[in-house]
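K.L.:
Sequence:
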Amino acid sequence: MGRIVFSIIFLFLISINPLFSQNLPLVPYPRKVATSDKYFEFNKNTVIVFSKGMEKEASYLKEEFKFRFGIEIKSLEETARVKSNFIHLYTKADSVQSKYRLEVNPQYIDICGSDAAGVFYGVQTLLQLIPFDKETKIQSVEIEDYPGFSWRGMHLDCSRHFFTVNEVKRYIDYLAMYKMNVFHWHLTDDQGWRIEIKKYPLLTKISSYRKETLIGRPSAKDEYDGKPYGGFYTQEQIKDIVRYASDRHITVVPEIEMPGHSMAVLAAYPNFSCKGGKFETATSWGVFEDVLCAGNDSVFKFLEGVMDEVCDLFPGKYIHIGGDECPKDRWHNCSKCQARMKSEGLKDEHELQSYFIQRIEKYINKKGKQIIGWDEILEGGLAPNAAVMSWRGEQGGVEAAKQKHFVVMTPGHPCYLDHYQYKDVENEPLAIGGYNPLEDVYAYNPVPKELSQEDAKYIYGAQGNVWTEYIPTFKQVEYMALPRMAALAEVLWTYDPNRDYASFIQRLKIQTQILDKLGVNYCNRFKN
1 MGRIVFSIIF
11 LFLISINPLF
21 SQNLPLVPYP
31 RKVATSDKYF
41 EFNKNTVIVF
51 SKGMEKEASY
61 LKEEFKFRFG
71 IEIKSLEETA
81 RVKSNFIHLY
91 TKADSVQSKY
101 RLEVNPQYID
111 ICGSDAAGVF
121 YGVQTLLQLI
131 PFDKETKIQS
141 VEIEDYPGFS
151 WRGMHLDCSR
161 HFFTVNEVKR
171 YIDYLAMYKM
181 NVFHWHLTDD
191 QGWRIEIKKY
201 PLLTKISSYR
211 KETLIGRPSA
221 KDEYDGKPYG
231 GFYTQEQIKD
241 IVRYASDRHI
251 TVVPEIEMPG
261 HSMAVLAAYP
271 NFSCKGGKFE
281 TATSWGVFED
291 VLCAGNDSVF
301 KFLEGVMDEV
311 CDLFPGKYIH
321 IGGDECPKDR
331 WHNCSKCQAR
341 MKSEGLKDEH
351 ELQSYFIQRI
361 EKYINKKGKQ
371 IIGWDEILEG
381 GLAPNAAVMS
391 WRGEQGGVEA
401 AKQKHFVVMT
411 PGHPCYLDHY
421 QYKDVENEPL
431 AIGGYNPLED
441 VYAYNPVPKE
451 LSQEDAKYIY
461 GAQGNVWTEY
471 IPTFKQVEYM
481 ALPRMAALAE
491 VLWTYDPNRD
501 YASFIQRLKI
511 QTQILDKLGV
521 NYCNRFKN
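In the working numbering, the protein residues as written are 1 to 528.
Among these hints, one or two may not hold up.
In the BS3-like style, the derived pairs of lysine-lysine whose C-alpha atoms are separated by at most 30 Å in a straight line are [said to hold, decoys possible]: (1) Lys83 with Lys66; (2) Lys367 with Lys509; (3) Lys199 with Lys66; (4) Lys239 with Lys169; (5) Lys517 with Lys44; (6) Lys404 with Lys457; (7) Lys366 with Lys198; (8) Lys475 with Lys449.
Hints listed in this document are in silico derivations from the structure and should not be mistaken for laboratory results.
Start from the sequences and build out the full structure, keeping to the hints where you can.
P.N.:
Below, the structure written as structure tokens:
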């Protein structure tokens with residue numbers, strides 16, 4: 001009877017205001033919330049009761065309780081008879097993916113998901129509700145929630161600067177905390193190749209290292225640190241990270257750059273260039289003229305060999321193939337590239353790039369995967385099954401959606417989190433430039449207004465990007481990513497056009513107690 005009354009009150013409150021009770025320090029904020037003045041109290045006898053298939057979620061919650069709150073609790077299979085003082089994790093079929101319902105009352109905590117991911121997201125909400133003081137009480141609450149977009153992503157560039165396995169895992173933890181579900185892992189670029197490919201050992205012997213690194217921004221008087229720099233992830237380490245992410249319901253999307261941003265590859269395999277000669281892994285930032293030769297069949301054999309191993313390592317649907325910032329001068333002056341254009345009936349080098357991408361796509365499709373690339377892959381004709389990441393503004397995404405291709409919105413403004421977050425840049429660490437304050441990230445709408453309702457269905461979601469030319473340490477990654485990651489997470493999860501920035505800031509100020517407890521080097525200037 002009490003549960004029925006509670007549900008009636010809950011429905012009444014949300015009918016008045018869907019954003020009721022925004023005093024709860026939750027980010028992203030749930031769609032439907034109701035609270036009461038009663039409490040559930042944790043103690044040493046509290047147990048986790050889980051249904052079949054929820055073993056990983058139960059184990060995660062148990063470990064988080066121990067780490068965050070110093071509370072040791074037991075976990076039991078659902079067959080155990082427990083009448084009170086328990087947390088129940090289970091699923092119940094629902095047409096909405098990743099949906100969850102969280103109920104906290106004085107006797108127990110109930111987390112029901114439409115699937116395992118839904119249960120996990122309910123767990124994240126519960127963890128945010130528990131205070132970081134001597135109190136072990138949590139206010140009674142009933143929440144119904146589900147995500148607004150299917151792609152809620154964050155990117156990390158590990159090519160320009162390399163981060164350890166444990167640091168990558170910490171980054172994944174932050175995504176999990178904010179219910180993000182895609183980790184875009186940038187593994188190769190001009191400045192370093194970071195993934196072990198056993199068929200091509202020179203990629204880790206030569207391409208993963210550079211002799212030195214530029215100090216500051218490129219200028220007429222470039223200075224270098226004179227220190228060799230490098231590193232790569234073994235295949236066993238990659239499998240470990242992919243498993244770690246999967247346990248947190250996060251899909252890892254690897255990025256293997258082609259045909260541009262390939263100086264590191266050419267350092268090991270100069271025969272894959274148009275002009276031949278000697279190359280070295282890039283020591284400065286920018287765009288380089290030497291790219292993979294589109295007229296050389298050995299280039300495609302090489303990439304197919306790379307993709308054989310990449311596809312085996314990453315079980316997700318998408319492989320990111322880059323496709324951005326590829327100068328065409330070398331192709332224009334290359335006899336092999338010109339012969340390819342003639343034999344394939346291509347009118348210019350833009351169509352040659354489209355040929356390049358489509359040829360790789362066919363191979364990746366045969367392996368049961370899809371490609372996704374930056375919006376330059378639209379030039380010369382979009383590959384038949386490709387998805388597009390729109391970074392040069394939104395127009396590429398609009399065009400791709402109108403062509404019925406799936407799109408991830410990630411425009412430089414406001415989704416590049418390597419840009420400055422405050423105008424007084426002298427008080428900020430050196431960044432690439434730009435200005436993406438927290439408020440602009442929070443105000444972003446991933447669905448362009450010019451799209452029809454039908455075309456808008458092709459917008460998967462959005463993601464934040466952290467490029468690391470000027471971010472040499474993981475502490476600086478944290479500073480640039482957080483709390484802007486939290487703002488984007490609320491945009492993508494809650495997706496409410498009436499979302500309130502002032503409310504978000506107040507909740508975030510309380511919620512950052514978690515970040516403090518975890519020792520995260522987030523940017524706290526928003527508290528001023």
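K.L.:
Hint check: Lys404 vs Lys457, CA-CA at most 30 Å. Holds or violated?
P.N.:
Holds, at about 9 Å.
K.L.:
Would you check the hint for Lys367 and Lys509, treating anything up to 30 Å between C-alpha atoms as holding?
P.N.:
The hint is violated at about 46 Å.
K.L.:
Hey, Lys517 versus Lys44, does the alpha-carbon distance stay inside 30 Å?
P.N.:
21 Å, holds
K.L.:
Does the alpha-carbon distance linking Lys475 and Lys449 stay inside the 30 Å limit?
P.N.:
37 Å, violated
K.L.:
When you check the alpha-carbon spacing of Lys83 and Lys66, does it fall within 30 Å?
P.N.:
23 Å, holds
K.L.:
Could you grab the alpha-carbon distance between Lys366 and Lys198 and see if it respects the 30 Å cut-off?
P.N.:
21 Å, holds
K.L.:
For the pair supplied as a hint, Lys239 and Lys169, is the alpha-carbon distance within the 30 Å limit?
P.N.:
12 Å, holds
K.L.:
Between the alpha carbons of Lys199 and Lys66, is the straight-line distance 30 Å or under?
P.N.:
The hint is violated at about 43 Å.
Violation of the numbered hints given earlier is confined to hints 2, 3 and 8; the remaining hints are satisfied by the structure.
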